[in-house]
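There are 2 protein chains.
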Amino acid sequence: MAGNTGKPGQSVSGRVFALLRAFDPAHPRLSLTELAQRAELPLATAHRLVGQLEQQRALERDEDGYYRIGLLLWELGSLARVSSRFREVALPFLQDLYEATRENIHLAVRDGFDALYVEKLSGHRSVPTISRLGTRLPLHSTGVGKALLAHAEPEVIQSYVERNLVRHTRYTITERGRLLRELRTTVTRGYALTNEEMTLGSCSVAVPIPAEAGEPAGAIGVVVHSARADLPKLVPDLRAAADGIARRLREDTDGPAPGAVHDFPRRPGR
Amino acid sequence: MAGNTGKPGQSVSGRVFALLRAFDPAHPRLSLTELAQRAELPLATAHRLVGQLEQQRALERDEDGYYRIGLLLWELGSLARVSSRFREVALPFLQDLYEATRENIHLAVRDGFDALYVEKLSGHRSVPTISRLGTRLPLHSTGVGKALLAHAEPEVIQSYVERNLVRHTRYTITERGRLLRELRTTVTRGYALTNEEMTLGSCSVAVPIPAEAGEPAGAIGVVVHSARADLPKLVPDLRAAADGIARRLREDTDGPAPGAVHDFPRRPGR
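Sequences listed follow chains A and B, in order.
When the letters of the first sequence are read in order and numbered with our numbering, they come out as residues 1 to 270.
When the letters of the second sequence are read in order and numbered with our numbering, they come out as residues 271 to 540.
Keep in mind that a hint or two might mislead.
[To be verified] Facing chain A, from chain B, some residues (calculated, C-beta under 8 Å):
#, residue
1, 322
2, 341
3, 354
4, 382
5, 394
6, 398
7, 441
Think of the hints as simulated: they come from the structure by calculation, not from any bench.
Yeah, the Cβ is synthetic: ideal placement off N, Cα and C, and Gly gets one too.
Make a model of the complete structure from these sequences and hints.
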């Protein structure tokens, strides 16, 4: 959990971030004891720092005494490029896609070995998915992940396939050679497909968002019920949206490069 | 800028948050010098802490050497209730509204004396607005703001109208008695209207999202070009969306109360 600056005896700011990093999509609420354990801090230290964080509204406390991420961090986070620039530029195009399909629309960037979900649109009748804003999912078992990985630098791809590839369903591609072939196919045909590789009953199609140079700026994908899947039919709409986003990102003058952060390998402590 | 714990000589976590709070929607990128000034910290202190924040990915540095809020804070912020619960529950209803209107759709909560914008949907052809995710706008000059203020506790309303009410256009209601009458009308008819009170050429209609008890959980509004305004026509769709969101929030078992944080008065330092 804690990064290399998050151990006891390290800097105060390191301990603060060890506490904050104790929260993740699977752990959005924590008791003080859980917080201290996950941050590897003595309870007294955690208690003192958590009080300061609560005062700053970086954390807030439930009526039940559990802690959650507070409003200040949401406000600050909304200023990050991935939100204020990338997501904001993409959103109208994602809405068009949603209207055309009524399915789950995903926007993701590659961050290390993860597909990080930056936006998700879904309607009342879309198939439920495990992705949420801020979720990290594997690159080999998701549509947006495959689209991102297929267009990553060769050394990223090589390091990725050399890892132990987690099997999520019996259809997940975990064999190195097969994944490499799948990624080459993805590049050749210009879009990625998954068929129940992350969740049984769901399949997806995704395309990269072209960047001026180097890796894609991100990827967009549609996740549908396997039963009602005619995925290649969705590709022209997906491509139009990806091209529109890429064009708007080029026109945007607010500093260089979009939200994607290509640190490699994964950042320590996550 | 800096809260009461952000002054030099105060706790390290206070200084960390003084640096982070230097960023806001009007200042999404800052040089090190600007950061130190806005946080009221000596340059050397700022430099050392900013290095730690960059290492944690709480801040990131532009190719131009400017600092921005980093990916970690976006990820953490997405776990805040206002995003993971309130916004996520509301989004499908906001999309319905967008499709029905093709205009700007806003979701906001009251935080102190501000309307805090939690979501904004807008299409390629919607009228441009100054609101963005995480923006704070006044309660007396915005549609969602009036809807929130009109249904706030009497002492909140009283304290609000006793302040100096900023005039944004020649149509902004800045006279106390007139604003109080406007708020009573808003409660009586069940929706709020603005007519070029925030931005010339734009008008809006908004309704509160009912809560089980006390203040509304938030408000949703539509902002349109004044020229094409038939705002009361939009009220039935707005109300259906607000009721749908309220129902889903009640069903949601993930802890109590939605994202709205009703600290009062405004939190120090912002």
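Discussion item. Just to be careful: measuring from the Cβ of residue 354 of chain B to every Cβ in chain A, is the smallest value less than 8 Å?
Written reply: holds, 6 Å
Worksheet item: With a cut-off of 8 Å, does the beta carbon of residue 382 of chain B approach a beta carbon of chain A closely enough for the hint to hold?
Response: violated, 10 Å
Worksheet entry | Interface hint for residue 394 of chain B, Cβ within 8 Å of any Cβ on chain A | Interface hint status for residue 394 of chain B: holds (5 Å vs cutoff 8 Å).
Worksheet item: Given residue 398 of chain B as an interface hint, is the shortest Cβ-Cβ distance to chain A below 8 Å?
Response: With a closest approach of 12 Å, the residue 398 of chain B hint is violated.
Practice prompt. Closer than 8 Å between Cβ atoms is the bar; does residue 441 of chain B clear it against chain A? Give me holds or violated.
Written response: It is violated, given that the least Cβ distance between residue 441 of chain B and chain A is near 28 Å, above 8 Å.
Worksheet item: If you take the shortest Cβ to Cβ gap from residue 341 of chain B to chain A, is it below 8 Å?
Response: Check passed: Cβ of residue 341 of chain B comes within 5 Å of chain A, closer than 8 Å.
Item to complete: Could you check if residue 322 of chain B really has its C-beta closer than 8 Å to a C-beta on chain A?
Response: holds, 5 Å
Of the hints listed earlier, those the structure fails to meet are numbers 4, 6, 7, in rising order.
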